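Chain order of the listed sequences is A and B. Quick note: the first sequence, position 78, residue 78 per this note's numbering, numbers continuous. Quick note: the second sequence, position 157, residue 157 per this note's numbering, numbers continuous.
Hints are supplied without guarantee of correctness; some may be wrong.
Identical copies carry no separate label here, and so any pair may be met within one copy or between two of them.
[Claimed, not checked] Here are the simulated lysine-lysine pairs, DSBU-like style, with alpha carbons at most 30 angstroms apart: (1) 15 <-> 251; (2) 24 <-> 455; (3) 107 <-> 241; (4) 107 <-> 4; (5) 251 <-> 4; (6) 241 <-> 4; (7) 409 <-> 370; (8) 90 <-> 24; (9) 344 <-> 89; (10) 395 <-> 455; (11) 219 <-> 107; (12) 467 <-> 344; (13) 241 <-> 370; (14) 455 <-> 4; (15) 89 <-> 455; (16) 409 <-> 241; (17) 107 <-> 24; (18) 241 <-> 292; (19) 343 <-> 319; (20) 90 <-> 468; (21) 292 <-> 467.
Just so you know, the hints here were simulated from the structure itself, not pulled from any lab data. Since the structure is predicted, the reported quantities are computational estimates derived from the model, not experimental observations.
Number of protein chains: 2
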Amino acid sequence: MAHKSDIEIARAANKQPIQEIGAKLAIPSESLLPYGHDKAKVSADFISSVADRPDGKLILVTAINPTPAGEGKTTTTVGLGDGLNRIGKKAAICIREASLGPCFGMKGGAAGGGYAQVVPMEDMNLHFTGDFHAITSAHNLLSAMIDNHIYWGNALDIDIRRVSWRRVMDMNDRALREIVCSLGGVANGFPREGGFDITVASEVMAILCLSNDLADLEKRLGDIIIGYRRDRSPVYCRDIKADGAMAVLLKDAMQPNLVQTLENNPAFVHGGPFANIAHGCNSVVATKTALKVADYVVTEAGFGADLGAEKFMNIKCRKAGISPDAVVIVATVRAMKMNGGVKKEDLGAEDVEAVQRGCANLGRHIENVKSFGVPAVVAINHFVTDTDAEVEAVKEYVASLGSEAILCKHWADGSAGITDLATRISEIAESGMAQFSTLYPDEMSLFEKIETIAKRIYRADEVLADKKIRDQLRQWEEAGFGHLPVCMAKTQYSFSTDPNLRGAPTGHSVPVREVRLSAGAGFIVVICGQIMTMPGLPRTPSAEAIRLNEEGHIEGLF
Amino acid sequence: MAHKSDIEIARAANKQPIQEIGAKLAIPSESLLPYGHDKAKVSADFISSVADRPDGKLILVTAINPTPAGEGKTTTTVGLGDGLNRIGKKAAICIREASLGPCFGMKGGAAGGGYAQVVPMEDMNLHFTGDFHAITSAHNLLSAMIDNHIYWGNALDIDIRRVSWRRVMDMNDRALREIVCSLGGVANGFPREGGFDITVASEVMAILCLSNDLADLEKRLGDIIIGYRRDRSPVYCRDIKADGAMAVLLKDAMQPNLVQTLENNPAFVHGGPFANIAHGCNSVVATKTALKVADYVVTEAGFGADLGAEKFMNIKCRKAGISPDAVVIVATVRAMKMNGGVKKEDLGAEDVEAVQRGCANLGRHIENVKSFGVPAVVAINHFVTDTDAEVEAVKEYVASLGSEAILCKHWADGSAGITDLATRISEIAESGMAQFSTLYPDEMSLFEKIETIAKRIYRADEVLADKKIRDQLRQWEEAGFGHLPVCMAKTQYSFSTDPNLRGAPTGHSVPVREVRLSAGAGFIVVICGQIMTMPGLPRTPSAEAIRLNEEGHIEGLF
């Protein structure tokens, strides 16, 4: 097969009208709200109408810690969905939407790669169905109403130094990270410090992705803490009376988007919260809807399994009342080599020993996933330079842990390259062997929850947190937030908080720098490192090369 | 007929699928990009394919100076479109899109009123098809790239005190009017003053509405002046290399939106620039497309005829190479009374003399419109409290000027109430009596253009402008911008620059406070008063009452 770029493959896709994709899941065309001919939202009415149906099987795709070599988690999610359809299962995939802003810095991301992609790729990297714009509007309406409340007399007595609700924009704009607003005199309000985050970092994004329906959404929006009074008592979004209007702005965005894979299988693409300060999964509504209309749902979680799968289990599954029937852990020979100490420029040469050394990282993820009571299979996402001996080394290692690693060639061959994995996953899922449990109960204290994750998932010896942080956690417990799960924000590159510590480190400490209460989303964010919530553009942003060519095609975006 | 609210009437509308609306204009369904079942964009390919067809007749709807009594310009535009269809003409209307932000301050606006409305009303007041979000993104991408350019070494030598390109948000947020950005240290750039306007005030909005096609759009985006160097030489968007990516972001937004009236007639709703610092008309693309597919196109211009019709003729028609075959000037008895000195609370009582006094305002608009060489008809938009004697007074006055005033009851009766006007307008349009010319030629000096409008339209004695402003105009002429039309920004409530001077004042002066070059849009903005480009929210914003009720309907938006 001649080597084509992702965008060339995507543009050559033989797309079916979105009504035909919906029909594969028995979604009638009047229940699809089309956006052009190849995208649609599934109507809220339809979603209510299928609420009582039994759920299909849920497959989570996660990965080893990411390396610059790339793992192909989304590619494998798409490929496995196509593979399950190929072996006769009615399967749908569920993935996240892309953020617009970063596409103008680095080149935009494909949804998948090679012959395992979701289309239309250009739309998905640009405005798509407008969900993120709706989130931006809802977030900033609350911001405007807060300053407006202060302007007109501040009846709620908000301390303008303690307004924690910032503004958002779906753009990489470092100039907006820290600003002073309300300058220019009496007519413009009371000057104060503020700033912007990128839209995917908005708590509204996390809320939209965790809400079960519009009523739940509005309730959670009302629960947002927007700032504090001088006596440190919280002020809620509900006090500002913004929750109703925000829900109205999010009404359409709450309906999941349906698109298709290159093989014309259904793909839900909905929501896209950060995987550090939020939980990093597509929306609960999309996953639950897919489970009602498909026999198999393949979904993914952000970053490696230490962050993504842990949050999927402890936050999303806990809140949504769902659980995976099987988990796929994606690994590549190249990433194993990097974990084994090989530099990126040397990845082309065979190095079985480096692969073996790097497998320690994979091994720990397998153990961790199993600790949730769910069966794990390793997908070796094949790369053309991989040698048989290297692939065999991974297989042997995984077998030694009592699990199985299956070579997958969906990138090059589409569904035909991944039928072995699809078959094995369907056997496992049908066997009913999963016995899911979360890692910690709601009742555990917040600090113990952090310790549990640090020790059982990261294999750290201890969690370091000063008195101020421990006091803060205790205060929240007293205020009734002790039952919330914790959302860890740390580097994705290591089990530890040191991005350079690859492999399977032990004996490290997890220092907690800060804790934040996302009362609307319903979790405590635990920050263990530098977290950037508003990226900047590089010296030569990709935007400089993006343009429409004479055929009206977009150039430079990919 | 029992009195129902606009929203009740709109919700009870018997909408047809948008494909059927398109079929009325022979737009095939594959050329319609649907957004839900009742909205669609007309594809760029289709628009190119009809470029060589002859144009239909163009009818401009304008009005007297607005008063708090309301005139019903959009209502009459919608009604006349329905009326023309009722008498057997293939007619479409072209109106502007609504801005999202202001809906959360005051209640949202209907598109029309009574039984002359465009639907779906809720969508049109919320995200609609995402055009304004795309404009916001394109605008702010340029903003981010400017600060990014400065951050990475400022090779273009931009004076950070002279960055004239601000940021935008589709929100009423006074706290963002004046800010200091790039605070927080080296990683966030060089602190400077900046601020946000509301999206409709963006030059990108004016550009989108004046561009003939995507190539023209990209060229105009490149022409935007983003700021100046210390030597006062301009820096262009093209120098920042943002024009291509901005055009990509606007690719879908450039395609006009098709919706329908309550009587299932086609309505193009596209673009919505300010009517003061911009030209206040729907997009050229929508109007020109409508002229290719309909025999009659009814469109409107912002504010009263002194601002809206003047700009429609001198800016939009000049640039687009179109011209109206007839002009409708909307007046109401109530507005005549207010122009005649009656207070709003006294409008219920008959007062023929006040009507007669107020007619002076109408009379001058009739004269002005005729000075463009186009025939004018007055539409008296009937209100239930109008007495026969009052209506007759308006008719007599208009007849005395050699024109005709026709009573219209479309608000109460839909198309059946406006067949007289529709019939008369079609006679005039078919007669070919229009002999359109702009008010001034391209070659006239910029200051003379201002004087021509001030003297011939506003009937002022003089234009007051200090040396700095005159020098600035001369500099722009030397730099090659002398051929541009001027875009007047003054109060809409009077022919003069004093909003309290109703009727038909003479002998006044027009003081020019400031001039701005919109090099991308292609006009010189002449500011003659306080112009607010970022509104604020009122003490009790309407957002506080907006919510979804138990049926999932939006409450409080209207």
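Checked hints:
| no. | hint | verdict |
| --- | --- | --- |
| 1 | 15 <-> 251 | both (28 angstroms within a copy, 21 angstroms between copies) |
| 2 | 24 <-> 455 | neither (45 angstroms within a copy, 68 angstroms between copies) |
| 3 | 107 <-> 241 | between (40 angstroms within a copy, 16 angstroms between copies) |
| 4 | 107 <-> 4 | within (17 angstroms within a copy, 53 angstroms between copies) |
| 5 | 251 <-> 4 | between (40 angstroms within a copy, 26 angstroms between copies) |
| 6 | 241 <-> 4 | between (53 angstroms within a copy, 28 angstroms between copies) |
| 7 | 409 <-> 370 | within (25 angstroms within a copy, 73 angstroms between copies) |
| 8 | 90 <-> 24 | within (8 angstroms within a copy, 40 angstroms between copies) |
| 9 | 344 <-> 89 | neither (38 angstroms within a copy, 70 angstroms between copies) |
| 10 | 395 <-> 455 | within (28 angstroms within a copy, 87 angstroms between copies) |
| 11 | 219 <-> 107 | between (37 angstroms within a copy, 24 angstroms between copies) |
| 12 | 467 <-> 344 | neither (42 angstroms within a copy, 65 angstroms between copies) |
| 13 | 241 <-> 370 | neither (45 angstroms within a copy, 51 angstroms between copies) |
| 14 | 455 <-> 4 | neither (45 angstroms within a copy, 65 angstroms between copies) |
| 15 | 89 <-> 455 | neither (39 angstroms within a copy, 77 angstroms between copies) |
| 16 | 409 <-> 241 | neither (53 angstroms within a copy, 40 angstroms between copies) |
| 17 | 107 <-> 24 | neither (33 angstroms within a copy, 42 angstroms between copies) |
| 18 | 241 <-> 292 | neither (35 angstroms within a copy, 47 angstroms between copies) |
| 19 | 343 <-> 319 | neither (41 angstroms within a copy, 59 angstroms between copies) |
| 20 | 90 <-> 468 | neither (52 angstroms within a copy, 73 angstroms between copies) |
| 21 | 292 <-> 467 | neither (47 angstroms within a copy, 73 angstroms between copies) |
Going through the hint list in order, the structure does not satisfy hints 2, 9, 12, 13, 14, 15, 16, 17, 18, 19, 20 and 21.
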